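J.: This is what each chain is made of:
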Amino acid sequence: MDLVAIINCMMNPSSLIMLLVNTLKLTMLLFLLASGLSLIFGTLEILNFAHGSLYMIGSYLTYVAIKRMSGYAFALVFVCLAMAIFGFLLERLLVRRIYGASLFYQLLLTYGLVLVLDDVVKLVWGSEYLTVEIPQIFQRKPIVFMGSVTPFYSAFTIVVGAVVALFLWIFFTRTKLGKTISAMSEDQEMLQALGINVPLLYSFVFALGTCLAGLGGILSVPLLSAYPGMGFSVIIYSFIVVVIGGLGDIRGAFVGAFLLGLVKSMAVIGFRDYEELAPFALMVIVLVLRPQGLFGIKHA
Amino acid sequence: MIILEAKNLYKAFGKTQVIQNLSFTIKEGEITSIIGPNGAGKTTLFNLCTGQFRCNSGEIHYGGHRVDRLRTHQIVRLGIGRAFQICNIFPELTVFENIRIPVISHLRIGLHFLREAGTTESVSELVFQILENIGMLERKDHIAGKLDHGEMKLLDIGIALSTEPRLLFLDEPTSGMTPDERKRIMKLIEQVCIKKKITLVLIEHDMDVVFSISQEIKVLNHGQLVAEGAPEEISQNPQVVEAYLGESIAL
Amino acid sequence: MKKKAAWTLLVLIILCSVPLFIPSGFVMDMVIQVLILGLFAVSLNILIGYTGMVSFGHSAFYGIGAYTLGILLQKTSFTIPMALGAVVVFSAVAALIIGFFCTRLAAIYFAMLTLAFSQVVYAIVTKLDSLTGGYQGLIGGIPKPKVNLGFATWDISLFSNLYIFTVIVAVISLLLIKIIIDSPFGCILKAIRENPQRTSYVGINARRYQLIAFVFSGVFGGIAGALMAFYVSGAYPDFIFWTTSAEPIFMILIGGLNTFLGPMIGALVLFLLTTNLKAHAELWGLVLGGILICFTIILKKGLTEFFYGSNLSRWLGNFSRSTFGKGQDVR
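Protein chains in written order, with this note's numbering: chain A, 1214 to 1513; chain B, 8 to 258; chain C, 1395 to 1725.
Okay, chain A solo, but in the shape it has when bound (with noise of 0.2 Å):
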């Protein structure tokens, strides 16, 4: 382990800012898709171990998108619509039917679903990596700041992600819906009896946490290409993100990415030997002080 490197690193301030940036599109990126994991958990009591699948989706159909369409807001838009559009029919068609089903099977469920998604992908574009360039908007100069040089498309990144975790954040707290929402966690049953209509909330709910992961594949596309199988790196470290975090809670998802994604930025400059190992070895650190995650509710 370079403990040189990493304190060097930290204190020049060009790679220190490199760092933190290097830090920050790592946790847009992770927050994108715990967020929708642990909303999906904590509201449906669902792990959808599929989540990683849907972010392949997102990225595939961008693919698609921007080789038919002009324009990237259009592209941006379309596909963030269909995103919510395929998780309101996954949810309405099979995650429905498997509500307080045990654990074993919810995972079998999403489990088989990966599956699915997976050859489904293959058997249209096929098993070869599809690149997707930055599109044109975003081929600008790099921002410099006191030394540092930032690329333009990294910088989007970041900044998408913070209006998308602020939107949750009022939505959550401070719209009626958000709040609604929020409430059924702790009692369906007192809001069905207010006459709130809470399949189609259910729906909605899945609709964003896919939409969510959606937009993870929209943004990373350019950077990761889209192939098959891509799910499953994304939904390890989903997973880890948001039991570091606690389950159901998205101020959690973003602590959580954004200390996977420090650990993983540190790793590339001071421990790439155990690179891999890094994420997991957090979880256990975590799950060993606070075994019900950072912001997560202790079961007696």
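All the given hints hold, so there is nothing to weed out.
Think about it this way: if two alpha-carbon atoms lie no more than 20 Å apart in a straight line, the pair counts; the simulated PhoX-like pairs of lysine-lysine are:
| id | chain 1 | residue 1 | chain 2 | residue 2 |
| --- | --- | --- | --- | --- |
| 1 | B | 153 | C | 1584 |
| 2 | B | 190 | B | 202 |
| 3 | C | 1521 | A | 1477 |
| 4 | B | 147 | C | 1584 |
Reference listing, derived: stretches of chain B covered by chain C, where coverage requires no fewer than 3 residues with Cβ under 8 Å from a Cβ of chain C:
| id | stretch |
| --- | --- |
| 5 | 99 to 108 |
| 6 | 167 to 178 |
Honestly, the hints are just simulated from the structure, not real lab data. Given the structure is predicted, the values throughout are model-derived calculations rather than measurements. Idealized CB from N, CA, C, for every residue including glycine.
Dock chains B and C against the given chain A, drawing on the hints supplied.
T.: Structure of chains B and C alone, referenced to chain A:
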């Protein structure tokens, strides 16, 4: 002789103070009922005494040991048992198997990997004996989850009795019972518990039951001990009568 | 006990006489694979079906068993019995370590942490490439030194002898698991599955029992991995990858959680499916996934009642209640 003593217990959940500065003693061999309105903290008290929750401050002593920092299974091993208000049995197992579990634990053969549980005579004998004591022998092969409410309650108490506790916490033993079932439970409590001189602490809402078998009544409200004493004293305590017992109470 | 011994002997005799009466390579291959995969699944079922702990990282032990056997036989002069003994020891130690961390957690975190640990093992194994061959795996074949039985030496490199060796180890392992399940310890495990809180109220330290169950599960999973490594004469990182953890889960789902040999039937079904679908490799995911989805939806709905009686559906309800911690109504 005092078997259970609590000193200055405090327990809060978040901002809600559920138990405040609660102190009391339980005498060995006595039957004590704890009464009070819903939300008074009675079940929380049981949870504190049996290690399900940690008290924020205060001490609990049982039979010479300090138990407020111990885990549930350790407290049970010292001789405390608990029956639950909402039946807490092993639903997929048969009645026989339900009783077998605490018996295995009591005989300390839980870590015996090589014997066959089904053919171990010492286990079966004890289980049959307990089943007979609680009057469930004919139902031994019934799936526990399919029993009717009264029998499930009996089973629940039976499980608690199988570890041969010295002190038994009974949480609303007669709730939801028909009069016949209630008689059965009370008979069980009298015959088995009283015969074996088990110290009983009950949470009860049925005042007939409370006044007929208790030697001591403790009244809880808002997490505090409001009154305690023999049934006659409690029934004549004007505050208690007004607030909790209703106006007419037949002794 | 006598009944078990009799059954074991009968099964051993039947299976061992296969090379004599049906000298078909295909049949013997099928028996070996189904036995090994079945043992893998039955070992996981100690956790899932009997103790109610859903582990998604069982491939870790499969891989540890495979690599331990392979490395020891390739690089040291360990005899086969010694190597098998080492497999048991290493798997047990790994299971103790992993289990210690995982059993402290509630069900959902448990599942994810077991998955994470299996990936950690994967990362470690692929990193130590001088020892394990890295991403290539342990190639070059696994030597099969002759086993010294005292009165003769047994050459296991012969296929029919390899078959008999695998059958004996697998069947005896299954016998041991059955003995454990039927013991007082097994009773407690079932109780923990049903109602962990109540078990603590009868004086049982549930976490300790869960850890012990985890160790047993890991040990027998390791033995299954070792047998497979022996059979295919190699150990590969794929053994540890998370997709390998999904196979025994599939077998348990199909064959049934609540019966001892249920997962074995699931292994047979999976084997038949794989061999028949080999031609259409691209659709494997689609088919397996589709089957999983259908089964999950149907089983949750009502096929349960049809096949296994309503016990399973009630168990599912209880399990989900205990998973999400809405067990007792506390005032």
